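Asker: Going down the list, the sequences are from chains A and B. Residues in the first sequence are numbered from 1 upward in steps of one, following the numbering used here. Residues in the second sequence are numbered from 199 upward in steps of one, following the numbering used here.
Don't read these hints as lab results, they were simulated from the structure. No incorrect hints appear here.
Derived EDC-like pairs (lysine to aspartate or glutamate); straight-line CA-CA distance at most 20 Å:
| hint | chain 1 | residue 1 | chain 2 | residue 2 |
| --- | --- | --- | --- | --- |
| 1 | A | K13 | A | E193 |
| 2 | A | K154 | B | D286 |
| 3 | A | K154 | A | D123 |
| 4 | B | K249 | B | D213 |
| 5 | A | K97 | A | D73 |
| 6 | A | K154 | B | E276 |
| 7 | B | K207 | B | D271 |
| 8 | A | K97 | B | D287 |
| 9 | B | K207 | B | D261 |
| 10 | A | K154 | B | D287 |
| 11 | B | K207 | B | E230 |
| 12 | A | K13 | B | D275 |
| 13 | B | K249 | B | D233 |
| 14 | B | K249 | B | D261 |
| 15 | A | K13 | B | E276 |
| 16 | A | K154 | B | D275 |
| 17 | A | K13 | A | D190 |
For each label pair, taking beta carbons as the anchor points, the in silico distance ranges come out as:
| hint | chain 1 | residue 1 | chain 2 | residue 2 | range |
| --- | --- | --- | --- | --- | --- |
| 18 | A | Y85 | B | E252 | 41 to 47 Å |
| 19 | A | D15 | B | P264 | 28 to 34 Å |
| 20 | A | R38 | B | Q280 | 18 to 24 Å |
| 21 | B | G218 | A | S113 | 50 to 56 Å |
| 22 | A | G132 | B | V214 | 47 to 53 Å |
| 23 | A | L11 | B | P268 | 20 to 26 Å |
Please read these numbers as outputs of a predicted model, since none were measured by experiment. Even for Gly, the Cβ is constructed at its ideal location relative to N, Cα and C.
Now for the letters of each chain:
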Amino acid sequence: MDTPYRGYDVLAKWDTVSFDDRTREELTRRLRDVPQRRFLTKEEFELLTAIVERLAPVFCESARRAIAHWIDDRLFHNLGEGFRYAGEPPMRESWRKGLAAMDGEARRLFAVSFTMLDVSREDATLRAIQKGAVDAALWRGLRPSLFFSHTLLKTIAGLAYAQPSAWSDIGFGGPASPRGYVRLGFNQRDPWEAKEFR
Amino acid sequence: MNFEQPRAKDGRAPDVFTPGGWTPMRQYAESEPVDFLIVGAGAGGATLACKLAEKDFSVVVLDAGPFWRPLDDFASDELAQQTLYWTDDRITGGEDPIAL
Ligand SMILES: Cc1cc2nc3c(=O)[nH]c(=O)nc-3n(C[C@H](O)[C@H](O)[C@H](O)COP(=O)(O)OP(=O)(O)OC[C@H]3O[C@@H](n4cnc5c(N)ncnc54)[C@H](O)[C@@H]3O)c2cc1C
Numbered sequence: 001m002d003t004p005y006r007g008y009d010v011l012a013k014w015d016t017v018s019f020d021d022r023t024r025e026e027l028t029r030r031l032r033d034v035p036q037r038r039f040l041t042k043e044e045f046e047l048l049t050a051i052v053e054r055l056a057p058v059f060c061e062s063a064r065r066a067i068a069h070w071i072d073d074r075l076f077h078n079l080g081e082g083f084r085y086a087g088e089p090p091m092r093e094s095w096r097k098g099l100a101a102m103d104g105e106a107r108r109l110f111a112v113s114f115t116m117l118d119v120s121r122e123d124a125t126l127r128a129i130q131k132g133a134v135d136a137a138l139w140r141g142l143r144p145s146l147f148f149s150h151t152l153l154k155t156i157a158g159l160a161y162a163q164p165s166a167w168s169d170i171g172f173g174g175p176a177s178p179r180g181y182v183r184l185g186f187n188q189r190d191p192w193e194a195k196e197f198r
Numbered sequence: 199m200n201f202e203q204p205r206a207k208d209g210r211a212p213d214v215f216t217p218g219g220w221t222p223m224r225q226y227a228e229s230e231p232v233d234f235l236i237v238g239a240g241a242g243g244a245t246l247a248c249k250l251a252e253k254d255f256s257v258v259v260l261d262a263g264p265f266w267r268p269l270d271d272f273a274s275d276e277l278a279q280q281t282l283y284w285t286d287d288r289i290t291g292g293e294d295p296i297a298l
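Chain B with its partners taken away, still in its complex shape:
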């Protein structure tokens, strides 16, 4: 699997509860106004998007990372889970620099 290739497209998104499964996804043209645009589909953003969509708002979500399929992509292993992390360099400094 090439994680750089978008998975959520053509009106469907991965169904994370079924290996290889799909679930329908509403899409909007770039010119179409929507009620909410959410940047980042993490624990916070994805939950909020879901709640809003369930209340019939139109929602667009942008995420810079891969659309993981936990059942297919994740091994239950500490080292293997490193693929989840953003590993570009951030600098930690100041009087008491913490490990990030």
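Looking at chain A on its own, in the form it has when it is part of the complex:
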């Protein structure tokens, strides 16, 4: 990705006081043990992968690939974020219905599955869903724009930025503990922070 933090790699600080053992352990596991698909069907998973590719194109390939697996893992463990909007179905049902409806929209607009679309048609489909310009019958009570922004986009963005490569891209300094930061004023930076070139 094109970034003003050229040459910055947050993991170069791995063996310094920027990281503690617990955090190193956690990140090692995150990068090494990407969970196998266990909840979504093969078709649903391929669809989700195609959607992630389109919504998170700036992230590196390995980072993008992990996202669909982590979403599947959350669904497998039924691990939600602790709330849902009145009238919306529980998490698992939401994702199942939402994915099916997204594929339905692609078929309605272009007569083929989302996974078969070229980039511009993928975008047209996603844009229609985001704006709620859909066939309501496909959504079975789910609100398309809420599913798009709140469920899909927020989850994907959250997981994309759980990856150190994405931290490096945006110049994020990494763990706040144990070293943390000292120079907090405007135009100040600690020597262990990313340097911006503009």
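Following the hints, complete the assembly by docking chain B with the ligand onto the known chain A.
Answerer: What follows is chain B with the ligand alone, placed relative to chain A:
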């Protein structure tokens, strides 16, 4: 670590300032009257319990969640910290529903 298993028992509680450490904890029989019962050992409840105990009141604290040892249990990482949250479904509604 199984976070469902109580850690504060047998007269001691985790010492959160020392990895794996313990600190003595006073206990009371269920039939014994105490001055204060505090439900929830969060930022508010735990601080209040501590202040009261330091003034020599007898205090019992109940908490439904795990007794965390921050030095052992917490990675300094946004995603890993999700283990802190209560994730059972709450419903947010009304005219202007907020994300909780
Ligand atoms: C990720 C995160 C970062 C934050 N960072 C900061 C910060 O940097 N600075 C800052 O000032 N604030 C911060 N906050 C906010 C701050 O933590 C909260 O405002 C504060 O903890 C609220 O205190 P409380 O005592 O009201 O509730 P809590 O601390 O949430 O305590 C409630 C307690 O009650 C227990 N409980 C719940 N239900 C039951 C039940 N039925 N029976 C028994 N026990 C129960 C819970 O297990 C919990 O221990 C942060 C919050 C989060 C989530």
